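Fit chain B to the given chain A structure using the hints.
Going down the list, the protein sequences come from chains A and B.
The first sequence: position 19 = 7 (the numbering used here), numbered continuously.
Quick note: to get the numbering used here, add 99 to the position in the second sequence (first position is 1).
There could be a bad hint or two in this list.
What the hints assert, rightly or not - Some chain A residues close to chain B (C-beta under 10 Å, calculated; not the full set): (1) Glu2; (2) Ile5; (3) Ile11; (4) Asp45; (5) Ser76; (6) Lys97; (7) Met102.
To be verified - Each computed DSSO-like pair below joins lysine-lysine, with the alpha-carbon atoms no more than 30 Å apart: (8) A/Lys(-5) with B/Lys154; (9) A/Lys59 with B/Lys154; (10) B/Lys406 with B/Lys525; (11) B/Lys397 with A/Lys(-5); (12) B/Lys185 with B/Lys397; (13) B/Lys525 with B/Lys349.
As the list claims (entries may be wrong) - Some chain B residues near chain A, calculated using beta-carbon distances under 8 Å: (14) Val107; (15) Leu111; (16) Leu114; (17) Phe118; (18) Lys154; (19) Ser606.
What the hints contain is simulated information worked out from the structure, not anything from laboratory work.
Quick caveat: nothing in here was measured; it's all calculated off a predicted structure.
Note that the Cβ used here is the ideal one computed from N, Cα and C, for glycine as well.
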Amino acid sequence: MKPQLNKILYVEDEADIREVGQIGLEDVARLTLRTCASGAEALETLREFAPDLILMDVMMPQMDGITLYGKIREESRLAHTPVVFMTSRVQPSDIARYMDLGAAGVIAKPFDPMSLGAQLIAMWDHHQVSHLAREAT
Amino acid sequence: MSETSLAVQGKLAALRAGFLTRLPETLSTLEGAWIIYNSSKKEDALATLCQIAHKLAGSGATFGCSEVGTIARNLENAIRTAVDQKLAPKYVRAVAGLLCKLRSAASVPSHPLPAPVADIQASIPIPTSALAKKGADSASESVPSPRIVYLVDDDTDLAADMSDQISNFGYAVKVFHDIEAARAAIAERKPNALLLDVAFPTGEFAGPDFAASLADLGCADIPVLFMSGRDDTTTRLRSVRAGGQAFFPKPIVLNDVVTWIDKITLPSEPEPSRILIVDDQESLASAYAGYLEFAGMKTSVVSDPMKVLDELARFNPDLILLDMYMPTVNGDELARMIRQIDAYLSVPILFLSGENNTDRQLHAMNFGGDAFLTKPIQAEHLISAVESRAARYRALRSLTDRDGLTGLVNRRKFDEHLAIEISRAKRQKRPLTLAVIDIDHFKKVNDAYGHACGDRVLRNLARLLAKGLRRTDIAARYGGEEFCVLLTDVDATTAQPVMDRLRESFSRVEHQSGTATFASTFSCGLADAPRFGTPKSLFDAADRALYHAKNTGRNKLVLAPG
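With the rest of the complex left out, here is chain A:
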């Protein structure tokens, strides 16, 4: 059976936005969600929570998304967990930069809470397929 996206870790420093995202992922898409307000909190949570996918804001004070991404990739058990960035900078060059880093996708802010879950599921599916393809070769 094809594995389904279920557990999400969502890192966003701003409470309002975090809540909108939470509504979209929990109430609309019925996903299992853990939210964090900072990179440090995310690293702490990841010690005991193994998500299927990590969704993170890029621009955060103290530890930004890119730094957090680097730290996650350093941990072998999280090395292959797909990461999706959220950003208001959606110039093609920015998107290319995040994808080159190894992101599974980029979601533009402002996002639509009603379709956020569906977007993540699509990205996750795509990631699974390409991941399997890579392992096959």
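Chain B in isolation, oriented as in the chain A frame:
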């Protein structure tokens, strides 16, 4: 809509409502932080600033306030740029402008979207619409609309005379002697203004009755001005009820009528209030300037208090915003200095300071301040405190500084200008020319054609002067048939051909008197500073030259001998 979806929309709406409720407070924090950063240059203030702007950009967009989101994003960039540019005034103003823009975007009451929407397009400014708007504006500018005035009066002589005079001010005037003719013409083409007598042979209040019936013609929007030989409450009331915008008792003071017609047909943008900002912290002053300019005012920033007097003369402000504590000169000293110059006796002065001590504030007010604003001041408070006072001063000034007949500066005001310009010319080592003009044989015009006609000659000369000179030159009706012109930055030799062209143009103007026309001329004396370095010596020299011109044939210019 499914139950889940309804619940979700409800949650989102609640979040959004919370965001909107907190928005004004967030903006105040932003504005305060920007002012604090400009005066303290503290890094943590800057970090707070950028962070709030960034968050606002994100949440504004998320909650369907795309304009707020976009402006906040631009603001965030503008703050970073301003910091990179070491808070150069231009960039500080840009930030202040965006802060104000944010405030006005946030105050738009109806954000039409019921729930957040992922419309990325909405968060990106679309330049095409701005361009389209600009295109439309310039198109409308290129088509000058003819300004038509219909004048309806059964007094044929009066109507002809008024028509002739109003035409002089650039209007196409059509005269009708009875109401039915006017009604037919209006049905054909709407005028920009309707000047209507009250009483006609057809009825004591036929004018107002007609005006009231304009709505039936679908022409209720035509501005109507009434004139009447009767000036009593009943007549005025009838004209007001008929929608009259103004009432002129006969005999008509034409200048008043033209002023009204101008006001109605040229809803031109009022000239912006001019605000002089004196603060030794230049970037802070620039932030204030940005706020005020956003609100449509014109500003000048002086960071060296020793240069205030020069700038006062150059900029001629409607209000002075004065920092209370500056290193070289104190605000109250500066206010006293300014108040000792007659021309600035009544210009409003607002003090800005961190001073919360009421005694200290009262003390400062004794020395000529009009109000005390406590730093850090919020943009909207600053704007409202400045705007109302500047507008009041400006209105007052235009009433007391202008000659009623010609609209030129009057003698008292001209004397002020003369004193200010002479001292400035001296300080800046620049020349300045005074021309004194007197209409030749004006008494004969009055005797032969009547005073009304003489007034017309005066107005024609005034218009010629006002149109034929640079904006920086000052033309005044000095008294009777005497006019003065102050030409800045030129000596008498350079000014001579300019004034001579005006003399020639004036001699070619045909003045109307009934059906006859006649010409008039003027003589002119010129003198310049610094050769004549005081108001009195300059005026006397020009006046002597004028006298010489009068004695050697008139209709000519004479330069004061050096």
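For each hint, the structure was consulted:
1. Glu2: It holds, given that the least Cβ distance between A/Glu2 and chain B is near 5 Å, below 10 Å.
2. Ile5: holds, 6 Å
3. Ile11: holds, 5 Å
4. Asp45: Holds: closest Cβ of chain B sits about 8 Å from A/Asp45, inside 10 Å.
5. Ser76: For A/Ser76, the interface hint holds, since the closest Cβ of chain B sits about 6 Å away, which is under 10 Å.
6. Lys97: holds, 6 Å
7. Met102: holds, 7 Å
8. A/Lys(-5) with B/Lys154: Status holds; Cα separation ~27 Å.
9. A/Lys59 with B/Lys154: With Cα atoms ~24 Å apart, A/Lys59 and B/Lys154 stay inside 30 Å; holds.
10. B/Lys406 with B/Lys525: Given that 30 Å is the threshold and the Cα spacing comes to 15 Å, the pair holds.
11. B/Lys397 with A/Lys(-5): violated, 58 Å
12. B/Lys185 with B/Lys397: holds, 24 Å
13. B/Lys525 with B/Lys349: Given pair B/Lys525, B/Lys349 is violated - Cα atoms ~49 Å apart, limit 30 Å.
14. Val107: The hint holds - B/Val107 has a Cβ within 8 Å of chain A, the shortest such distance being about 5 Å.
15. Leu111: Result: holds, 6 Å to nearest chain A Cβ.
16. Leu114: Given a least distance of 6 Å, the restraint on B/Leu114 holds.
17. Phe118: Since chain A brings a Cβ to about 6 Å from B/Phe118, closer than 8 Å, the hint holds.
18. Lys154: holds, 5 Å
19. Ser606: violated, 68 Å
Hints 11, 13, 19, counting from the list given before, are not met by this structure.
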